[in-house]
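Protein chains in written order, with the numbering used here: chain A, 1 to 584; chain B, 1 to 584.
By construction, these hints were calculated from the structure, which means they are not laboratory data. Any given hint might turn out to be false.
[Claimed, not checked] If the Cβ cut is set under 8 angstroms, some of the chain A residues that face chain B in the computed set are:
1. His7
2. Val41
3. Pro78
4. Phe96
5. Leu132
Even for Gly, the Cβ is constructed at its ideal location relative to N, Cα and C.
Protein chains: 2
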Amino acid sequence: MVTRLSHYFLRTLREDPADAEVPSHRLLVRAGYIRRQAPGVFAWLPLGLRVKAKIEAIIRDEMANAGAYEVHFPALLPREPYELSGRWEEYGDGMFRLKDRKGADYLLAPTHEEVFTLLVKDLYNSYKDLPLTIYQIQDKYRDEARPRAGLLRGREFTMKDAYSFDASDAGLDASYQAQRDAYERIFRRLGLEYVIVAADAGAMGGSKSEEFLHPTDIGEDTFVRSEGGYAANVEAFTTVVPEPIAFDGLAEPVIFDSPNTPTIQTLVDHANATMDGDYTAADTLKNVVLALTHLDGTREVVAVGLPGDRDVDDKRVEVAFAPAAVEPATAEDFERNPLLVKGYIGPWSETGPILGEESATGIRYFLDPRVVDGTSWITGANIDEKHVHSLVAGRDFTADGFIEVATVREGDPAPDGSGPVRLARGMEIGHVFQLGRKYAEALGLKVLDENGKLVTVTMGSYGIGVTRILANIAELNNDDKGLIWPASVAPFDVHVVATGRDAAAFELAASLSADLEASGFDVLYDDRPKVSPGVKFGDAELVGVPRIVIVGRGAADGEVELWDRRTGDRQVVPAAEAVARLTA
Amino acid sequence: MVTRLSHYFLRTLREDPADAEVPSHRLLVRAGYIRRQAPGVFAWLPLGLRVKAKIEAIIRDEMANAGAYEVHFPALLPREPYELSGRWEEYGDGMFRLKDRKGADYLLAPTHEEVFTLLVKDLYNSYKDLPLTIYQIQDKYRDEARPRAGLLRGREFTMKDAYSFDASDAGLDASYQAQRDAYERIFRRLGLEYVIVAADAGAMGGSKSEEFLHPTDIGEDTFVRSEGGYAANVEAFTTVVPEPIAFDGLAEPVIFDSPNTPTIQTLVDHANATMDGDYTAADTLKNVVLALTHLDGTREVVAVGLPGDRDVDDKRVEVAFAPAAVEPATAEDFERNPLLVKGYIGPWSETGPILGEESATGIRYFLDPRVVDGTSWITGANIDEKHVHSLVAGRDFTADGFIEVATVREGDPAPDGSGPVRLARGMEIGHVFQLGRKYAEALGLKVLDENGKLVTVTMGSYGIGVTRILANIAELNNDDKGLIWPASVAPFDVHVVATGRDAAAFELAASLSADLEASGFDVLYDDRPKVSPGVKFGDAELVGVPRIVIVGRGAADGEVELWDRRTGDRQVVPAAEAVARLTA
Numbered sequence: 001m002v003t004r005l006s007h008y009f010l011r012t013l014r015e016d017p018a019d020a021e022v023p024s025h026r027l028l029v030r031a032g033y034i035r036r037q038a039p040g041v042f043a044w045l046p047l048g049l050r051v052k053a054k055i056e057a058i059i060r061d062e063m064a065n066a067g068a069y070e071v072h073f074p075a076l077l078p079r080e081p082y083e084l085s086g087r088w089e090e091y092g093d094g095m096f097r098l099k100d101r102k103g104a105d106y107l108l109a110p111t112h113e114e115v116f117t118l119l120v121k122d123l124y125n126s127y128k129d130l131p132l133t134i135y136q137i138q139d140k141y142r143d144e145a146r147p148r149a150g151l152l153r154g155r156e157f158t159m160k161d162a163y164s165f166d167a168s169d170a171g172l173d174a175s176y177q178a179q180r181d182a183y184e185r186i187f188r189r190l191g192l193e194y195v196i197v198a199a200d201a202g203a204m205g206g207s208k209s210e211e212f213l214h215p216t217d218i219g220e221d222t223f224v225r226s227e228g229g230y231a232a233n234v235e236a237f238t239t240v241v242p243e244p245i246a247f248d249g250l251a252e253p254v255i256f257d258s259p260n261t262p263t264i265q266t267l268v269d270h271a272n273a274t275m276d277g278d279y280t281a282a283d284t285l286k287n288v289v290l291a292l293t294h295l296d297g298t299r300e301v302v303a304v305g306l307p308g309d310r311d312v313d314d315k316r317v318e319v320a321f322a323p324a325a326v327e328p329a330t331a332e333d334f335e336r337n338p339l340l341v342k343g344y345i346g347p348w349s350e351t352g353p354i355l356g357e358e359s360a361t362g363i364r365y366f367l368d369p370r371v372v373d374g375t376s377w378i379t380g381a382n383i384d385e386k387h388v389h390s391l392v393a394g395r396d397f398t399a400d401g402f403i404e405v406a407t408v409r410e411g412d413p414a415p416d417g418s419g420p421v422r423l424a425r426g427m428e429i430g431h432v433f434q435l436g437r438k439y440a441e442a443l444g445l446k447v448l449d450e451n452g453k454l455v456t457v458t459m460g461s462y463g464i465g466v467t468r469i470l471a472n473i474a475e476l477n478n479d480d481k482g483l484i485w486p487a488s489v490a491p492f493d494v495h496v497v498a499t500g501r502d503a504a505a506f507e508l509a510a511s512l513s514a515d516l517e518a519s520g521f522d523v524l525y526d527d528r529p530k531v532s533p534g535v536k537f538g539d540a541e542l543v544g545v546p547r548i549v550i551v552g553r554g555a556a557d558g559e560v561e562l563w564d565r566r567t568g569d570r571q572v573v574p575a576a577e578a579v580a581r582l583t584a
Numbered sequence: 001m002v003t004r005l006s007h008y009f010l011r012t013l014r015e016d017p018a019d020a021e022v023p024s025h026r027l028l029v030r031a032g033y034i035r036r037q038a039p040g041v042f043a044w045l046p047l048g049l050r051v052k053a054k055i056e057a058i059i060r061d062e063m064a065n066a067g068a069y070e071v072h073f074p075a076l077l078p079r080e081p082y083e084l085s086g087r088w089e090e091y092g093d094g095m096f097r098l099k100d101r102k103g104a105d106y107l108l109a110p111t112h113e114e115v116f117t118l119l120v121k122d123l124y125n126s127y128k129d130l131p132l133t134i135y136q137i138q139d140k141y142r143d144e145a146r147p148r149a150g151l152l153r154g155r156e157f158t159m160k161d162a163y164s165f166d167a168s169d170a171g172l173d174a175s176y177q178a179q180r181d182a183y184e185r186i187f188r189r190l191g192l193e194y195v196i197v198a199a200d201a202g203a204m205g206g207s208k209s210e211e212f213l214h215p216t217d218i219g220e221d222t223f224v225r226s227e228g229g230y231a232a233n234v235e236a237f238t239t240v241v242p243e244p245i246a247f248d249g250l251a252e253p254v255i256f257d258s259p260n261t262p263t264i265q266t267l268v269d270h271a272n273a274t275m276d277g278d279y280t281a282a283d284t285l286k287n288v289v290l291a292l293t294h295l296d297g298t299r300e301v302v303a304v305g306l307p308g309d310r311d312v313d314d315k316r317v318e319v320a321f322a323p324a325a326v327e328p329a330t331a332e333d334f335e336r337n338p339l340l341v342k343g344y345i346g347p348w349s350e351t352g353p354i355l356g357e358e359s360a361t362g363i364r365y366f367l368d369p370r371v372v373d374g375t376s377w378i379t380g381a382n383i384d385e386k387h388v389h390s391l392v393a394g395r396d397f398t399a400d401g402f403i404e405v406a407t408v409r410e411g412d413p414a415p416d417g418s419g420p421v422r423l424a425r426g427m428e429i430g431h432v433f434q435l436g437r438k439y440a441e442a443l444g445l446k447v448l449d450e451n452g453k454l455v456t457v458t459m460g461s462y463g464i465g466v467t468r469i470l471a472n473i474a475e476l477n478n479d480d481k482g483l484i485w486p487a488s489v490a491p492f493d494v495h496v497v498a499t500g501r502d503a504a505a506f507e508l509a510a511s512l513s514a515d516l517e518a519s520g521f522d523v524l525y526d527d528r529p530k531v532s533p534g535v536k537f538g539d540a541e542l543v544g545v546p547r548i549v550i551v552g553r554g555a556a557d558g559e560v561e562l563w564d565r566r567t568g569d570r571q572v573v574p575a576a577e578a579v580a581r582l583t584a
């Protein structure tokens, strides 16, 4: 059936929505694809729903090719499974929670590992039942602190989430690879550039994890890649650790006056002015005091030592201490720990270690991996306006552990030896996880192995953000006139525009639309009477169907115009040839 | 792609689920279509999802034929629109409510009139934009007090809900009829018997409403129909009102002793024993005291008088007093109203009216429409163990209004004169409403008419319960072996079963499955090795694909068996003819 614009539920808007920060948001609203209902919550209008359905069809197709079966879970789920996995608490404010009329606790699921695990536990009991990969395409909820950028960071969003179940680690590797391959096929079919980066698996309790990032300046993720092929998001980047240095012959620590040097820069300037040598921030040891809030609500003050030319990276530190929440230590935290002299903090004082093993403060102390044994540092002496130099790691101070929280910089060496890395921004459009046995253990999913012994199942979890992908495609495919959809996901295949007041043009346009539809095209036919050609062309450009056919003045001569929305090319062709030309 | 059972996510169960009250619930769980997640909340397994998708495709097709366009709203919606319509309060405990991290109120939508109205208000402004009908197929939430019967009364369920928008009443009539016609086509294609009954439109604030009921003994709705074609649910049934009788010559009221007659039956027995005449319950006036709880929380005691051979019908009284909640008056309510003597209540006492106009109690009094002026009743005298006879309606007592709350009985006359009605049970599978201007007024949806004057839009609302329909089809199509799907919604078109240990049988079954798939059939192929024929046949019967092909011993001779799941017929045919036979 040809969709006639005169009756279609579509109104394009002349004004950009006031809250639109990015092109996809602005254009999807203006062109009548989506409409805001609440912060981060949208309704889908007919055009938007058509594009979404096409993306979903491609995903379903590739899931079937990967041997995955579709199921569907409710968004509303009871608390218990999430209590068992620990995520009822871990999700904090990010999860919508509610009570039913009897006072029982429910949630709107942000992700479904728990209930998929329980479903398989419910129905399966033998290694012979495995491997299994099941998935759903479903509306998920996360109570984002700052929903923004339209569909890119919403509170309701559609995801394809798949879960694999295997009896062995080798099986998990194969299931993981099958999903990873399917993701590559999906993104290729969608014409969406992607980079697969190593990701941190810690937060999900897993062993291996990769993200599919779409490189874009509006991306919220920073990732690194080397010429040699290494790619990781900054959370997963690991530092190349230098060799330790022997202590023999290293100078002993010397405390020196350093008035008015509470920052690294003032300290370096002071050192260069008062001491021999050409010091840089990299010669200093910066000590950052953080406060962790653990899941049980307890607050712990910790310190991190890192080269003075690096800062603590917000995302890396969040991952490093997850599931605890991290914030800078407050004045109150410092008051409780008077041995730490703000602006002049170091791991050591005249009387011995202040931080690290055998510390006087009892505060846990973590070091950047570059601070290897035998490296010598200028750092605080825990006395107001005094620092110490020649303080040697491993000899004069130690750590309770090494930690990857320092900022990653352009030019840092890739951990696999493939050369220096460059930094880029990307947006997560897919994520594959080897969860391992965390959820299966928490929820008791075991099967009998070949020897009749119960073994815990190992799992993977694989997500694709359907609505986020749609927005990314829109971000990537637009110009100052509007959207330009790739053919694979365009809401219609052809947009036929009848112009003028000549009945013959409208008749030709109608019959051409019917012919196109009969040839398998989805046709949007702009049959609106008394609407100027300029308005019709503007709407066609805004809506962004890639192939447009104009039926106007030439209709009398049996001619129509083919208009390529992307290149702008226009070609006059005989109407009789239009279907063949569009099919070619 | 042929779906192979050896890898499919399907486990049939031998045991009925403990909580299953009805066949659809029992069989859909046992055959691996759905799985319970919480009371009234289910997950959809691959088989169930396939059937659901087929029903949805039929609905989408007929919505397109009716000129309706699909949109999609979130389940999570802000409070404001529902506050404006009054339904934030009206829904009471039946609606799931929640707060976001900022404390803002949200709900899980039980129905979407408000936001559809606002969407159209947002985008449309002229009568030329209308008529418009838009719909969605979407998961809805209602916090049922007693979720039960599997999908038939769940707390999450899938609905198709459509909304029409017109500038005129005639337009609404046409839009309503188009949806009503589409519903008839949908139910016919689904092979689902239905009765269209007049329904009460009051609760939705509308002017006309009809329900599509599927006649079934497990239905929760009672409806009536006459031979002459009248059909209504009991809430919408209206009583045929007798002619009033002149007061001239009617006897005056007489109070008489009636010890120990607090019930209608004891009163009738007493009357027949002590007075001339052959009295029945229909000669008595029963007075029922009810307590209403209004939306603002206030409690009001009211009384209803009706012939003693009728009771107050729970559903009719609920509709009559909606949106107030109704319950029987409590002992406390009676204490507060000492003029009403329990067991001996009447509208009149020796000193004059107790109930109705100029009543001594101030309690509002409603009468059944049969209690017309001039009818003479035996009823309570508001004195312990005393009744009154010859109490004449309109002369000795009056009402504050007439009300349709009495039970409807087999044989009652249809209001349209089409003869006596019969009673039947049904389950609501569709509902069409002329909402009129209630929502448009509450939310300010107006358009400019031909004369440039703002007019309020008139609306309709049209619902079909997708998951409930699925369960009803399952209720209607099963036997003691399992499900028997109609071809239009079966999860697969053909179920091929390979039996035995002969590799030739499995090869033939595989090639036949591929041929069937190539001919356009969706094929489920039971290729499980080492599973006995008995188990495979049992599973095939339980799963209920209507056409089964058995490939077993006859394979060596190139023969297969066609098995009609519904009739049980089995026919041996040459394998080469199987596709043609199944296509025929």
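Review point. Any CB of chain B closer than 8 angstroms to the CB of Val41/A?
Key: Constraint on Val41/A satisfied, holds at 5 angstroms.
Review point. Can Pro78/A be said to touch chain B, with a Cβ gap under 8 angstroms?
Key: holds, 4 angstroms
**Study point:** Agreement of hint Leu132/A with chain B interface, Cβ distance less than 8 angstroms
**Key:** With Cβ-Cβ at 6 angstroms, under 8 angstroms, it holds.
Exercise for review: Under 8 angstroms, Cβ to Cβ, is where His7/A needs to be relative to chain B, so tell me if that hint holds or is violated.
Suggested key: holds, 7 angstroms
Check your understanding: Regarding the hint that Phe96/A lies at the interface with chain B, is the smallest CB-CB distance below 8 angstroms?
Key -> holds, 6 angstroms
Checked against the numbered hints above, the structure violates none of them.
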